[in-house]
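Visitor: Chain order of the listed sequences is A and B. If you want our numbering, it's the position in the first sequence, counting the first as 1, plus 122. If you want our numbering, it's the position in the second sequence, counting the first as 1, plus 376.
Wrong hints could be hidden among the right ones.
With a straight-line Cα cutoff of 30 Å, these simulated DSSO-like cross-link-like pairs (lysine-lysine) come out [unchecked claim]:
id, chain 1, residue 1, chain 2, residue 2
1, B, K437, A, K178
2, B, K436, A, K347
3, A, K347, B, K397
4, A, K271, B, K437
5, B, K437, A, K303
6, A, K347, B, K437
7, A, K142, A, K342
8, B, K437, A, K356
Hints were generated in silico from the structure; no laboratory data involved.
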Amino acid sequence: MLIDVGEYLFRVDSAPSIVKNNLNLMYGDAIIKNSLAPADFTISLQHDSLLRKFLKPQVTFYLGSNSPFKPLPASQSYPVMEWGMNWCIAATDFNRLIVHAAVLVKNNKAIVFPATPGSGKSTLSAYFALSGWKLYSDEMAIIDLETLKVMPLFRPVCLKNESISLVKQWFPESIFTGIAKDTQKGDVAHLKINNFAEYKTFSPVDVVAIVFPKYQKNTKTEPYKISKIAGFEKLAGNSFNYNILGRTGFETIQRIIERTQQVEINYNDLSDVDDLLTSEFTL
Amino acid sequence: MALQVLHLHQSDVFKIFSHNKYYFESNFIKYYPSDGYGVAIFNNDSRDTTFFHGPNDNLKKLFELEYFDLPIFQQLITAELQVATQLINRLLVHNIISKEK
């Protein structure tokens, strides 16, 4: 099974049937069957022993023959596969700046939401993506080092804990995997946003703002402009490969910071954030 | 009594630091944001980045000097002795400056 996530091709060598079913549900027509095309990553999810297939079953994620993670309970198989795919990109792509962030696009303008604690990044991604914005990524911003354009990725949104029921309540028709209970991130489910044909219409776009949202109960949605140096520090701190890129990373973030606005937003209502961003950045 | 001890300690620190001259190394590049606030310094050898917050006019003046000492640093960046010595130490740790040999 070969999965085209846009910028990367994943070959899935072997995986439990529940994982294959979820891959089919989430990636659908982005899956190329019986293809011999070269993949960027050959991955698999395996039971390390016959014993661990039946007794307290566990699975291990492999990139080729290497396993970056400890085995995890088989009940978490699908999140392990998705997290493994994230790891493959974050740990090996040094040709783009990769930031741990959600990217949402409206009118060909991208807003990057770095994954600061308490940001509610994935809930925000799901809400925006199902309310007319284009989801370029829920997990990582892939930024071209020369053009500074952000690339779209075809991946589902990873929702956690209360966000799962919240999004199901807001968008009852949405397509979810089953819930994996008690993972290291709590209860986790993945949400499909686009089909592959829709995704194929997305093209690289310019970033207009770096927004650091913070969910706070009983607060009025308000933006606070932050200094460029604070924006630089936060963006670099959320990048997976800033240190590896060295001087190129430093100069790339410098250019991004000068071309964009950096804003903090305290919010408790996502529709207010949508309105605010749309008017603030004339989207 | 405690205040006296602290006072003595601070003046000792001042004596130690004020006699030192600090020279800038040549192994780094700087970014002064266009909003006039702060500087980011990238060390080409260690590949680490150090951030300083504050009006960047005075930071620019500091980095244009051949060398500085504690009173000059206090005049340009912060009069607060403890903060000034901490910042100088940070510059030393990140090999952006070195003490006069």
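Visitor: Taking the hints in turn, state whether each one holds.
Guide: Comparing the hints with the structure gives:
{"no.": "1", "hint": "B:K437 x A:K178", "in the structure": "65 Å, violated"}
{"no.": "2", "hint": "B:K436 x A:K347", "in the structure": "23 Å, holds"}
{"no.": "3", "hint": "A:K347 x B:K397", "in the structure": "38 Å, violated"}
{"no.": "4", "hint": "A:K271 x B:K437", "in the structure": "35 Å, violated"}
{"no.": "5", "hint": "B:K437 x A:K303", "in the structure": "57 Å, violated"}
{"no.": "6", "hint": "A:K347 x B:K437", "in the structure": "26 Å, holds"}
{"no.": "7", "hint": "A:K142 x A:K342", "in the structure": "43 Å, violated"}
{"no.": "8", "hint": "B:K437 x A:K356", "in the structure": "26 Å, holds"}
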